[in-house]
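Q: Using the sequences and the hints given, assemble the complete structure.
Protein chains: 2
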Amino acid sequence: MRVAELSRTTGVPVPTIKYYLREGLLPAGELTSPNQASYDERHVRRLRLVRALLEVGRLPIATIREVLRDIDDDSDWGMHERLGRTLYPLAGVPDDPPGPELAAAMAEVDALIARWGWQVEPHSPGRRRLAEVMLTFRELGVGHLMNAIDRYAEAAEIIAESDLRGITTDRAPDDVVTGAVIGTIVGDALQAALRRLAHEHTSVRLFTP
Amino acid sequence: MRVAELSRTTGVPVPTIKYYLREGLLPAGELTSPNQASYDERHVRRLRLVRALLEVGRLPIATIREVLRDIDDDSDWGMHERLGRTLYPLAGVPDDPPGPELAAAMAEVDALIARWGWQVEPHSPGRRRLAEVMLTFRELGVGHLMNAIDRYAEAAEIIAESDLRGITTDRAPDDVVTGAVIGTIVGDALQAALRRLAHEHTSVRLFTP
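Heads up: the protein sequence lines correspond to chains A and B, in order. Under my numbering, the first residue of the first sequence carries the number 1, and numbering increases by one thereafter. Under my numbering, the first residue of the second sequence carries the number 210, and numbering increases by one thereafter.
Each hint should be verified, as a subset may be incorrect.
[As the list claims (entries may be wrong)] Examples of chain B residues lying across from chain A (beta carbon under 8 angstroms, computed):
1) V265
2) E366
3) I367
4) S371
5) G392
6) A401
7) A402
8) V413
These are computed hints drawn from the structure, not numbers from a lab. Glycine residues also receive a C-beta, built at the ideal position from the N, C-alpha and C atoms.
A: This is the structure:
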């Protein structure tokens, strides 16, 4: 298909597509003449992924390039390694060593992980991300809200099981990883929306006569 | 306390505090001389809340003003009404009527709400927010990920019950509502971080020999 059709199919304007091509977020089409290129289904899927990463995930262009490179890496990784390599950079966790306060919070995260028997790599960005959230609660004077963390962990197990079971039914490997990236990012928004509806219902149950 | 001590206590720089005062996000201190004002614990709590809304919730200033006005409204509302009035604007859902595609997705949300027996107001912003997430999944070509929505709803019930039970142990009404606002916003980040850790663990279980 020509770029105009690619635009119609995906709803992404032509100038935006050209911007993605310049930034290396979308592979070049196949040249059919010196001034014309042809695009295929692979470009449609890639465009959708880039939109999810930019608009829903609000990731910086450099991170998106890294994620796309990992998706396209066709080394002989198993699915677990492949998901890890692709999803770790999504967390946007910095490389610098944590300060003493953050390190203490990370030790609490380690205790939680041990309590739940979770197998998580020492360098998993989720550890640091969770520790940062803990510190935010405390800085905001509502550290007691962290008392509920085991209920949150229970809910996370239910969702993770469902998310990962869903993955196995997919097909082509880059499609699987693309689905995992989109599911990770948009799944956060899904969870947040449902939590608000459940809050309202629970508030009716607990706080109305 | 003087503004310098308010800054030291909360970690918010003095020029930022003055900006919040000008924008009406922080009530004026009590004047102790024509050029000096005194601040108290109420200002400390309010500053923490404003930081959570701005930095974690990334809410626009106008929305924050609306949320603060609702928190300060000491009309004789019950807790359920008070939480609803304060938390509804947080969703940032527009007032304009939904188009046909969004309206269809909202009907699917209604079906989910009925299936779970949730009591949710017809004008609850959570309905529209969830419908928008559904459309995003479809536009991104991964509508099948919505098959897992009932597992997400199950997890949301567990978390909502825990969140709302936590609320009842709090004290002063504006403190309760402040805690609910912070918990709603920072709780999303908590859930997202734990989901990633649980993903990693589940991936080890399902995808490694």
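Q: So, for every hint listed, does it hold in this structure?
A: Cross-check of the supplied hints:
1. Annotation: interface hint on V265(B) holds; nearest CB of chain A at approximately 6 angstroms, less than 8 angstroms.
2. About 5 angstroms separates the beta-carbon of E366(B) from the nearest beta-carbon of chain A, less than 8 angstroms, and the hint is met.
3. Annotation: interface hint on I367(B) holds; nearest CB of chain A at approximately 5 angstroms, less than 8 angstroms.
4. Checking S371(B) against chain A: minimum C-beta separation of about 4 angstroms stays under 8 angstroms; hint holds.
5. Given the 8 angstroms rule on beta carbons, the hint for G392(B) holds: about 5 angstroms separates it from the nearest Cβ of chain A.
6. For A401(B), the suggested interface contact is upheld, since its CB lies about 5 angstroms from the closest CB of chain A, less than 8 angstroms.
7. At about 4 angstroms, the closest approach between the beta carbon of A402(B) and any beta carbon in chain A falls short of 8 angstroms, and the interface hint on this residue holds.
8. With a cut of 8 angstroms, the hint placing V413(B) at the interface with chain A holds, because the nearest CB-to-CB distance is about 4 angstroms.
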